[in-house]
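Trainee: Work out the full structure, taking the sequences as your base and the hints as a guide.
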Amino acid sequence: MSRKEKIWWWVGGLAIVVYCLFPIGWIVALSFKSAGDLNSGEFLPNGATLDNYSLILTGDASELFLPALRNSFGICLIATAISCLLSMFAAYAIARLDFPGKKMVLSTALVVAIFPVISIVTPLFNVWRQIGLYDTWPGLIIPYLSLTLPISIWTMSAFFREIPWEMEQAAQVDGATTWQAFRKVIVPLAAPGVFTTAIIAFFIAWNDFVYGISLTSTSAARPVPAALGLFSGASQFEDPTGAIAAAAVIVTIPVVVLVLLFQRRIVAGLTNGAVKG
Amino acid sequence: MASIEMKHIVKQYGDGYPAVNDVSLDIADGEFMILVGPSGCGKSTLLRMIVGLEDITSGDMVIGGTRVNDKAPRDRNLSMVFQNYALYPHMTVFENIAFPLRLAKMEDAEVRRRVTEAADVLELKDHLERKPANLSGGQRQRVAMGRAIVRQAEAFLFDEPLSNLDAKLRGQMRTEISRLQRRLGITTVYVTHDQTEAMTLGDRVCVLRKGKIQQVASPRELYEQPVNLFVAGFIGSPPMNFLPATVEGNRLVTPFGPIELDEKRAGQVAGHELLLVGIRPEYFEDASLVDEAKRPVGTVFRARVDVTEWLGDSQYAYIPYDAPESITAQLRELSRELDSEELRTQAIVSIDSTSRIREGREAEFWLDTRKIHVFDPHSGENLTRDAEAGAALTRMATEDRLEHAEAARGGQAESRGGATAVGAA
Chain A
1 MSRKEKIWWW VGGLAIVVYC LFPIGWIVAL SFKSAGDLNS GEFLPNGATL
51 DNYSLILTGD ASELFLPALR NSFGICLIAT AISCLLSMFA AYAIARLDFP
101 GKKMVLSTAL VVAIFPVISI VTPLFNVWRQ IGLYDTWPGL IIPYLSLTLP
151 ISIWTMSAFF REIPWEMEQA AQVDGATTWQ AFRKVIVPLA APGVFTTAII
201 AFFIAWNDFV YGISLTSTSA ARPVPAALGL FSGASQFEDP TGAIAAAAVI
251 VTIPVVVLVL LFQRRIVAGL TNGAVKG
Chain B
1 MASIEMKHIV KQYGDGYPAV NDVSLDIADG EFMILVGPSG CGKSTLLRMI
51 VGLEDITSGD MVIGGTRVND KAPRDRNLSM VFQNYALYPH MTVFENIAFP
101 LRLAKMEDAE VRRRVTEAAD VLELKDHLER KPANLSGGQR QRVAMGRAIV
151 RQAEAFLFDE PLSNLDAKLR GQMRTEISRL QRRLGITTVY VTHDQTEAMT
201 LGDRVCVLRK GKIQQVASPR ELYEQPVNLF VAGFIGSPPM NFLPATVEGN
251 RLVTPFGPIE LDEKRAGQVA GHELLLVGIR PEYFEDASLV DEAKRPVGTV
301 FRARVDVTEW LGDSQYAYIP YDAPESITAQ LRELSRELDS EELRTQAIVS
351 IDSTSRIREG REAEFWLDTR KIHVFDPHSG ENLTRDAEAG AALTRMATED
401 RLEHAEAARG GQAESRGGAT AVGAA
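As they're listed, the protein sequences go chains A and B.
Under my numbering, the final residue of the first sequence carries the number 277; numbering is consecutive throughout.
Under my numbering, the final residue of the second sequence carries the number 425; numbering is consecutive throughout.
Simulated from the structure, these hints should not be mistaken for laboratory data.
Each statement offered as a hint is correct.
Computed from the model, here is a short list of chain B residues facing chain A with C-beta under 8 Å:
#, residue
1, Leu-53
2, Ser-79
3, Met-80
Here chain A is said to cover these stretches of chain B; the calculated rule only asks that three of the stretch's residues, wherever they fall, bring their Cβ under 8 Å from a Cβ of chain A:
#, segment
4, 60 to 74
5, 87 to 95
6, 99 to 109
Please read all numbers here as calculations on a predicted model, not as lab measurements.
Cβ atoms here follow ideal geometry from the backbone N, Cα and C, with glycine treated the same way.
Mentor: So, in structure tokens, the structure goes:
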């Protein structure tokens, strides 16, 4: 690469990074501003304050925010776990077995994934109220599965297809049952795929707003994105901008931690050395 | 340890194509059997049917006296080395080799003892705690073999185990496999498309073509008494030369002059118009270097040499010749089937490395006519095959094997009884 090209790559990269990170930086800056400072028109706060954080964690808004945080974590983790487990079996079957309707499973999953959420939320609202799932954890976990399962199945089956058939056959010849071969050889090899899928599924569930606001009414099941929309200012003339910004920052943290934690496992090509170099 | 018997084995795929077509083959206990043939001949499919990874459409697969058609791979107690080794990358070398034992729920101490023993045999001792990703190709190959020998399997199955190694390593591993098999005395089925491996490793070799057995015999019999054009062309490197010939009384008229036939062979070829004469490269020699005593058993002819290749220990000369259109087309077809591409009709001739025959000049060659074979170009059948002589060669190989096995057993018993456990290595 020539020097000139290198410079252009840097400039381009920098532009993209600024474009992506500027809103986040803005939110972080906002979250440290005091109420009077919000409309100062400056990027950095005039003397950072933790008022907004104490407001949502211990103050008036904590009643709204803390249960929501708990709900979000619980619901998203359960939905992710179920979706990973189910998609692991489904993807294995799709990658390895030849059964009628295989194509249909995959295309149905795709159709479900592209179906707009907003169009089914009203009927779902009515059904959930009838059968008593409204404003409960399962009432959100089930719709979240419909969001996470299709993409999980697709990513996971791609990972399974990468694993050479011989691995399993070798295990079977060595004396393993199909289940043992799956558990002792295939699952460990697919681990990077499982982690990738888990993270994607978690993000999707974590970021959902439409189901969260429509299918809940109290802090029994309301997730964070919905709770943020219900924040109110000290008076009706005051926007809760600072509190929302602080909550947004807190909500972003688990996502960042998750990615940093599993980054190496995702990147690691675990099948190295399985077959000839 | 067990014998493997196949009775009329057929493998038909969904589209009706028979990948393996009515194969019957008996592999004796302790025998080293090679399945060989060009790509797509069904040799790997046959191996996978033995181990149980491929369903058998019809026929019986009998291992150690029991029919195993409906048994799962894990119930057949065979061990297999895959072409790409199929090592478990998330386990250490130790755990890779121990895997079959762990599945059998063997005690830890016993596992350790057996794995260490296998690692000793394969010289993997220093690598037991490493992951397969950090090993070289040859080491990975040895780990795969370790996994195969660590348990008392009925038979070893190899699916082109050396094809991913470079030439030098391949030679080493080949002798290693041979030594191991002789030492353990376990029935072995080995699939390869490499005829050097087939010739050097096998007690007997089974040549397959389009799912059908062509000939099962010792390497020597295959080389000296092939049943047909296909086997003759497949075995031997450089390959056998096929010259068109017409019969005139007791002589064959070839592009390289007439060849006198003895009574017996003349009788065998009588009644055919156009024939193919199969002559191995080493039956030729530079006429000026042939002993006077040997001269009368062959014929001498003059031909123009196209190219010579000097290799130090040997020398090859390429002699182009003309052939009728029908023969040319058929030879081309044959060479395509043997995974090679013969562009022109030429004879490859092996001459002494001291010969001063030059490229582009005419030279005098001598041809030993005693061992030539004559083939029917239509059916491909070898008209001059001496079945008895061939069978004698295979019988000799079998006797050699049994003697060897006996010696190995004796050696083992001795080392077990004696105070010094040197082993039968």
